[in-house]
Amino acid sequence: MIFVAVGTQFPFNRLIEYMDAWAAEHGQEVIAQISDGDYIPKNMKWERFLDGEQYNQNIAEASVFVSHAGMGNIISAREQQTPIIVMNRQFKLGEHRNDHQADGLKWMDKLDGVYAASTQEELNQQLSNIKASNFSEMVCSSTTVGNQNLSNYIADLINE
Amino acid sequence: MSSNSPVNTNNKKPKVLAIASPGGHWIQLNKICNPLDDRFEMVYVTPGAQYATSAKDSRRILTISDASADSKHKLIPLAFQLLSIFIKERPSAIISTGAAPGAIAFLLAKFLPIKTIWVDSIANVSQISRSGRMVQKHADKVITQWEPLSDNKRVVFKGSIL
Chain A
1 MIFVAVGTQF PFNRLIEYMD AWAAEHGQEV IAQISDGDYI PKNMKWERFL
51 DGEQYNQNIA EASVFVSHAG MGNIISAREQ QTPIIVMNRQ FKLGEHRNDH
101 QADGLKWMDK LDGVYAASTQ EELNQQLSNI KASNFSEMVC SSTTVGNQNL
151 SNYIADLINE
Chain B
161 MSSNSPVNTN NKKPKVLAIA SPGGHWIQLN KICNPLDDRF EMVYVTPGAQ
211 YATSAKDSRR ILTISDASAD SKHKLIPLAF QLLSIFIKER PSAIISTGAA
261 PGAIAFLLAK FLPIKTIWVD SIANVSQISR SGRMVQKHAD KVITQWEPLS
311 DNKRVVFKGS IL
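Sequences listed follow chains A and B, in order. Counting from 1, position 130 in the first sequence corresponds to residue 130 in the working numbering; the numbering is continuous, with no gaps. Whatever position you read off the second sequence (first residue = 1), add 160 for the working numbering.
Everything labelled a hint here was simulated from the structure, so no lab data went into it. Zero decoy hints are in this set.
Calculated pairs, BS3-like style, for lysine-lysine (alpha carbon to alpha carbon, straight line, at most 30 Å):
hint	chain 1	residue 1	chain 2	residue 2
1	A	110	B	313
2	A	92	B	234
3	A	92	B	232
4	B	318	B	172
Throw the hints in and build the complete structure from the sequences for me.
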């Protein structure tokens with residue numbers, strides 16, 4: 001199963017349309033969370049919003065997670081060891097209030113198990129490239145050294 | 161509650177409010193605050209009703225109404241909710257990863273004896289977030305998760321959640 005999610009704040013019709021087209025062509029099971037989007041998928045199961053538990057379960061069960069370039073989904077995907085393809089929202093298409101997702105794409109792509117796509121062609125390319133088996137070997141600790149340092153620094157600030 | 165127990169009154173842990181909007185901000189806040197859970201009395205505050213304290217989650221999570229920079233008229237009820245939480249909880253410090261509700265909390269806390277620590281979202285790579293810039297002059301500390309955005313004075317880098 002492929003899980004597609006666009007977050008809760010804005011619709012992202014473009015990504016839903018691309019994935020609907022991909023599902024039509026490949027006949028694989030795709031489940032999409034589409035927020036308030038007005039494009040209604042024809043070839044995927046869809047929900048506007050999911051509760052947290054169902055959402056995480058979908059990420060865990062998916063062979064690939066396709067998402068808008070939101071940090072929350074990247075972190076969740078890494079925790080569940082599910083490869084994630086991220087597509088950035090574009091400010092000029094009215095998909096977000098600025099272009100920070102486009103900036104983010106450059107460094108997100110460098111993370112293990114995170115694959116970036118900014119066009120439909122790149123998205124289709126990434127979908128056909130991903131081999132989930134390689135990714136499952138990735139070691140993904142829940143708390144990194146950088147995370148621990150940051151939290152320790154904050155603890156010291158509070159106690160100061 | 162521990163406040164009724166005389167044994168705990170002398171070594172009570174400082175109370176810390178951790179505030180974030182739903183989604184990425186909330187997930188980052190959790191990654192930062194999980195290691196703090198046993199050192200401080202943590203109280204989480206979020207507009208995300210889906211995160212409210214459940215049987216599975218023993219943490220205290222308070223729900224507030226949502227507001228964003230695009231819905232300015234909602235900021236006033238939000239400010240009153242935050243003030244009433246401050247009065248009830250009397251926190252020593254507030255941590256926020258954003259966005260608007262965290263920024264409002266910081267602006268209110270400026271007039272109260274509460275330490276404010278802003279951790280800017282890791283999604284903001286090329287500049288500090290809009291809510292981060294709003295609180296920059298008022299926060300006791302602003303932390304970026306990207307070294308190039310630090311000036312080592314007003315904005316510091318000490319690591320990231322990834």
